[in-house]
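Given chain A's structure and the hints, the job is docking chain B onto it.
Chain by chain, the residues run as shown.
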Amino acid sequence: MSLTPKAAAPKVPVRTFSAAWVAVIALVCAGGAAGATAAYFTYAPGAAPAACAPGSTPCFVNVTDDLGRAVTVPFDPARVAVLSPNIMDAMFRLGLRSHVVGVDCYAPAFGGISSDYSSDQIALWNLSSAMCIQVGPTFSLEELANATPSLVLASTIIPAQAVSEIIATLHIPVVILQPSTLSGILTDVGLLGEIFGVVPAATALTVQLADELANASSALAQYPSIPTVLVTYSVDSNGYWTFGAGTFGTSLIVLGGGQSISANNSNPYPELPPETVLSANPYWVIYGTGFGYNESFYESAPGWSSLSAVQNARAVGLDSNYLTEPDPTMILTGLPDLIAILHP
Amino acid sequence: MRERKPPVAPLPRSLRWLWYLLAGLVGLLLVSPLIGPTDIPGLVVLQIVLHQLTQGLLAPNACAGFALADPCATYITIVWEFRIPAVVLAIAVGASLGISGGSLQGVFRNPLADPFLLGISSGGTLGAVVAFLYFFDNPELLNGLLPLFAFVGSLGTALLILAVARTRASSVETLLLVGVALSSFLSAMVAFLLLYHQQSSQQVYDWLLGSVAYASWGQIDITFAILLVASLLLIAHARALNLLQLGADIAQSAGVDPRRLRVRLIFLASITTAVAVAFTGIIGFVGLVSPHIVRRLVSFDYRVVLAGSLVVGAVFLLVAWDAALLVGVGTVGIFTAFAGVPFFLYVLFRRGRTSSMGGSE
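Residue numbers (this note's numbering), protein chains in the order written: chain A, 1 to 344; chain B, 1 to 361.
In isolation and in its complexed conformation, chain B is listed as follows:
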């Protein structure tokens, strides 16, 4: 069936929150590289970034003007190889999880839908555990294969969901229930495997807590490439998603095929999430909360919700990463909840009695 172009509604006027959040993201981008266990003067961090970005044209001596105890090369490595990649990966992964959550909540018309509710994270965890099991004795090989296995696990789970979504009997409720059941099943398999491979349980546990501490420029390239393509495609479906919120019948009468839309968006959201999970482990709450914050603060229009979730997700994860570093822990998964819940509750109660999916209560 050929899809007709859905009607276009004007964009909401109140976008100031989105600008605030973007400004906040820029501010965080400047501040975050200053945070870390090593005491490096802020000006040195700035000089190192300028030095590296311009191949030495600006700030030719990255540590000029400072009597530093250690060789400057060490600080360049710390800033450019560890801190900046972690910050950039946090932005990319946060944005990925945010837009995935936004699109899935729209597809399922359910405020609890997020990438992890469908079992995508559990699939990634299973893949990671299998990698730990088989390649525990070879750290270098394990490091290379861990993201691949986690990605395959996540995507495999998503494909199962999609297989269900393509059947005639599938409904939104069925898909959610299948996701929850799959998630439980995969988590049980992870626990079962760990019973027989205790020596890797510590590494698996660390992975489950989620972190951007091991970020590399290669990971960033891949994450941003997938994020860019998936985001553009997801936002291209935003108008159809808006129509879907009015009900499948209305959407269909306006030329949208709900089932085809569902399959496409689940696939795009899944692949975006799978990449994030593969490189950082399990980072929950970002995909769930980011779209709600955009809807509450800015608009229910999915053109805004999806774009806004990108920004909110990035800000959210970067704040969590900074908090984790300040506490000296380095696992970001815990702090997404610590940083997000208070703000989420504030937004939820501040904006009165409107449903977070747009309807009146």
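So that you can see chain A by itself, here it is in the shape it has in the complex:
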């Protein structure tokens, strides 16, 4: 095949080509740097909401959520969509279950309500498939609209496109509650107390949580040694998923009297290669259970059987919710359970 010849060499395309490559690579490098160094996110407490006068309707409060977004929400909304188990836990503990008209579920083909809530949680919180609002693989705006909530409480798993549609089309405010630290859990409890007008209950729960954290912290000095720990909530052929610096998971391990082998990892949720785990040789291995995960699942991880913790019966399962859901139960039940494992 022949091409039409040109008199002059095509210099412009060559420059375009080079410049485009440089731009793309620079963009990627900058993106990588941002991802590697930026903190997950930090909570920026907003101004205290003005108290709603009794009987004044409609009444709104201004809050700042965990992404630092200023959101105006209706005071004490009767119908709320709760799109994350950690928020549902706090809602239940504050006596707000009756406000919840919808919860997050994956598509029925992926387990429906059981994909995100354990059977214990479903029974305790009186949840049902009828309350399902599909959040994955695609968010169902239609199911949310049909639930007619006046407020959506969600985690960062909700796609940005869905958040925008909820706000712009359905005109429902969205508050993102996903604390990155243990102290953030207390902050979010306080935030819910303000939104729903249950400040006394929220304060009582916050005090209880703070006491638990303080007790765990003061107990650290009494332990004869601080063992090294790998806490993993999932594994695959590439390694072990765990927590990095600045996360609630790493804080949980520290307060539990352990020293995380990934505490200094700049990636908040790194996947540690088997080689790294084997060379760190953690004294304890804590793995998340439930939702189909058990010890046999973790045995498939490369190098699992070579870990001295596994060989010496120091690989112990702990409910995944206690490890991955930053909520009051993590502090009130997960932390004591972790302490009991690490310091029997």
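Think of the hints as simulated: they come from the structure by calculation, not from any bench.
Values in this document were obtained by computation on a predicted structure and should not be read as measured data.
One should not assume that every hint holds.
What the hints assert, rightly or not - Label-pair restraints from in silico Cβ distances:
1) A:E295 x B:G42: 50 to 60 Å
2) B:V26 x A:A70: 46 to 56 Å
3) A:V207 x B:D221: 49 to 59 Å
4) B:G42 x A:I122: 25 to 35 Å
5) B:E140 x A:N238: 30 to 40 Å
Think of the CB as a built atom: it goes at the ideal place given N, C-alpha and C, for glycine as much as any other residue.
Just chain B now, kept in the frame of chain A:
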């Protein structure tokens, strides 16, 4: 070099399949808005559509005659703000991908050529991932910038391909190989970035599966505007594309500049694909299969292939969207393969031994 007007061949007589497909598209347009997780009576859906289209002149009370548990306003929102835009965007994106695939297969004279083989989708994905990385903490801003970044990523990749296409040393094979290499390189960069930003991986994964679930009327306006202009321009080049199928020398002797034609068509196909990718994520297979179906069922004439690919692509994506909704998943990218492969194989084997690019085997 001034291009001479290529000779005109009569249109093929056997266009009945195209009419069948058009009728199918109309049928799907009527049925698709009925599908969704909320049980809304078909007549109510129809009344809502009439109500909205005529500003209330027809069907002034959209939910008249039905004792519905929820306020009618909720159903109007569901039908008019979610279901109809999704259906219309599926048609626009399917048509865009279809005609892009048709023109690229013609340009490259390669049955495997499609918008994604050239790395356009990988470029869009890279753009989307960078947007997720930088604006993850601001969902509203992210939602606004995500399509823009994906579009820039797709178009940037296409411009790289075009830069290669404009060099004297470029050949069809070189362009395809550059596309494949670029695609791999960009996919590797996406994987690299995600390693350092796990918290956005779920959202990126959802985006990669492709969906029209978040369609808005604004997106539809943009997609249709680009589609209309690009389609007219692409179809205007159909006769030149027909000549190119006979070989570059013959095309050139008939007044077609193959390299200029290639650059123009790649640009138009890329911009059409980039818009589709920007609003819906990655939806594969439509651009690859649609032109083959038209060639097998109707004609090898690119005037028909390009116009037919518009219709087939739209039907194809709408069927996939309906299937995704019926299964309750909502990600259309998977179902384009599920819905398309069986039909594609049927068409492929039913029509005997003719090559899907037109030659004899």
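Lying within 50 to 60 Å: is that true of the beta-carbon distance E295 of chain A to G42 of chain B? Taking Cβ atoms as reference, E295 of chain A and G42 of chain B lie about 51 Å apart, which means the hint holds.
Q. Per the hint of 30 to 40 Å, is the separation of the Cβ atoms of E140 of chain B and N238 of chain A within bounds?
A. 34 Å, holds
Distance restraint evaluation - V26 of chain B, A70 of chain A, Cβ atoms, bounds 46 to 56 Å: About 47 Å separates the Cβ atoms of V26 of chain B and A70 of chain A, which means 46 to 56 Å holds.
Measuring from beta carbon to beta carbon, are G42 of chain B and I122 of chain A in 25 to 35 Å? Holds, at about 34 Å.
State, for the Cβ atoms of V207 of chain A and D221 of chain B, whether the hinted interval 49 to 59 Å holds or is violated. Once the Cβ atoms are compared, 54 Å apart, the range 49 to 59 Å for D221 of chain B and V207 of chain A holds.
Checked against the numbered hints given earlier, this structure breaks none of them.
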